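Asks: Line order of the protein sequences matches chains A and B. For our numbering, add 859 to where a residue sits in the first sequence, where the first one is 1. For our numbering, add 9 to where a residue sits in the second sequence, where the first one is 1.
Possibly wrong hints are sitting among the right ones.
[Said to hold, decoys possible] FRET-style restraints, in silico, Cβ to Cβ:
{"id": "1", "chain 1": "B", "residue 1": "P59", "chain 2": "A", "residue 2": "L958", "range": "46 to 56 Å"}
{"id": "2", "chain 1": "B", "residue 1": "P129", "chain 2": "A", "residue 2": "R972", "range": "53 to 63 Å"}
{"id": "3", "chain 1": "A", "residue 1": "S1025", "chain 2": "B", "residue 2": "M97", "range": "32 to 42 Å"}
[Unchecked claim] In silico DSBU-like pairs for lysine-lysine, Cα to Cα no more than 35 Å straight-line:
{"id": "4", "chain 1": "B", "residue 1": "K99", "chain 2": "B", "residue 2": "K15"}
{"id": "5", "chain 1": "A", "residue 1": "K1028", "chain 2": "A", "residue 2": "K965"}
{"id": "6", "chain 1": "A", "residue 1": "K923", "chain 2": "B", "residue 2": "K15"}
{"id": "7", "chain 1": "B", "residue 1": "K17", "chain 2": "A", "residue 2": "K923"}
{"id": "8", "chain 1": "A", "residue 1": "K1028", "chain 2": "B", "residue 2": "K17"}
In case anyone wonders, no lab produced these hints; they're calculated from the structure. Keep in mind the model is a prediction, meaning the values are calculated, not measured. Built from N, CA and C at the ideal position, the CB exists for glycine as well.
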Amino acid sequence: MTPRGRFFQQAELESNWPFQFIVVAIGVLIAMFEGGLALWPAFYGATPMLSLIFLYWVALHHEKYVLLISGFIIGLTSDLLFSDLIGGRATAYIAVVFLMELRRAKLLQGDFRDVWVEFSVVTLGVVLFQLLVFSAVNFAIPSLTPVAFQIGVTMILFPIGYVILSTPKMALNRIRDRT
Amino acid sequence: MRASDKAKIRQRRIAHIVLVVFSFSLMFLGTLDFSALRSARMGFSDFVAPLVDLVSVPVRGVETMAQGIRTVASLRAENVRLQAENAMLKRWRRRAEILEGENRQLRSVAGAVAPERRRPLTARAVTAPGGAFAHTVLVANGTDQGIEMGNPVVTADGLVGLVVDVGATHARVLMISDINAQIPVILSSSSWPGVTVGNNGPNLSLRFLPEEAAPKIGELVLTSGHGGVLPAGVPVGRIDMVQDDFVRVQPAVDLRNLSYVSILVGGTDGIDMGNLELDKYYTPLPEADDKKLFEGVNASGEIQ
């Protein structure tokens, strides 16, 4: 007799939930660190979006551990910390996770340049979306210099963030291969 | 594909749609400025501020180190500059003493009443503006210390902004450089009134100046005190560019380097601070109306 029904389903001993939770927790911490970076006069008014770099990297390499709600929570934390329009960055981050679900397979086949270009487009999209919503709500366009600076610094820091995030992963893989 | 899998996918899709709709509606709820949402936001800030403080410890450490190196490197030049500044300050002090005496005599003649003193409360800045769309800073003092919405925030150099949200232990300060900050000011030498407006950048623009006004580069811009929310005579900045109708003001305070600020508590009797609608306190009138230049609520809470 073939086992059927929910009682015969395989037990979920390797659940993704703990990892998904850790991803959200790290993302929130990075968003807070982003807030701390603003204390540095060089990043006054325009901190690099480190949380976006992290979210993009996890969505690219560990898609199982990042959900739409992860993007929402990390974005919402940034919104509340930077006192931006609540939900602006959260919505943009949801869109990023959704986009990565569609683009992931193609990006993994390409080289780093493709990943970087795609990230630059994503960064531009996130900031432009916020700018659009902000301008529509306030009927005013803010100074564009900090906006451009934020986009530029985030793009420049992406390779560094990518290497920092990939190094522990590669080290763990190497240890696993040896054992 | 099994029926249970299809049901799971459907549930997931519905959850995603609900999340996106919720996220979008949050943006619109945020613009409607619900008091429940404001207090939830401030509650979150109260909760998260100590964590942000902890996470930003390395950043503060690096900044302190960099500042130390800069200080050592420029010690000699700094000494020469300070000596010159000290000599100039001594001259100014003598001048101020003369003017103070003169002012006292004039007041006794005119019977003027000194404005009610406000109590300064020192607070540490926990965050700094991090986004390009809002210039606010979270300070480590709240209603527990007697801070209210609308309290002015200053440093020794001048005006930083005013409190727009208060939690139990933390308050959010809207800086003068924010796009929503409009400060009623006067030009120090000519006393012409105007309004400084932020643009989320490093400088402010001076608007609603009367046609007769001739702003000069380097001229000090002070708060006018219209509306009674801000005290009069606090330096806002100095004019650093005049181009046709556009007048640019450089803030008196280096807003990028805020560690501690003073919050001026009290001195707003007659103003309903619980229901502070800042845009109603000071409204420049259209230029065509040449009878009155400004309209706002005075210190007694009456529109004039």
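Asks: So, for every hint listed, does it hold in this structure?
Replies: Results of checking the hints against the structure:
Under the hint 46 to 56 Å, the C-beta atoms of B/P59 and A/L958, about 35 Å apart, miss the expected range. Remark: the range hint 53 to 63 Å for B/P129 to A/R972 is upheld by a beta-carbon distance near 55 Å. Between A/S1025 and B/M97 the beta carbon distance is about 56 Å. The supplied range of 32 to 42 Å is therefore violated. With a C-alpha separation of about 83 Å, the suggested pairing of B/K99 with B/K15 is violated against the 35 Å cut-off.
Of the supplied pair hints, the one linking A/K1028 and A/K965 holds, its CA atoms being roughly 21 Å apart against a limit of 35 Å. Between A/K923 and B/K15 the alpha-carbon distance is near 19 Å, which keeps this suggested pair within the 35 Å criterion. A C-alpha spacing of about 16 Å is found between B/K17 and A/K923, which places the hinted pair at or below 35 Å, so the restraint holds. Between A/K1028 and B/K17, the direct Cα distance comes to roughly 31 Å. Compliance with the 35 Å bound is thereby established for this hinted pair.
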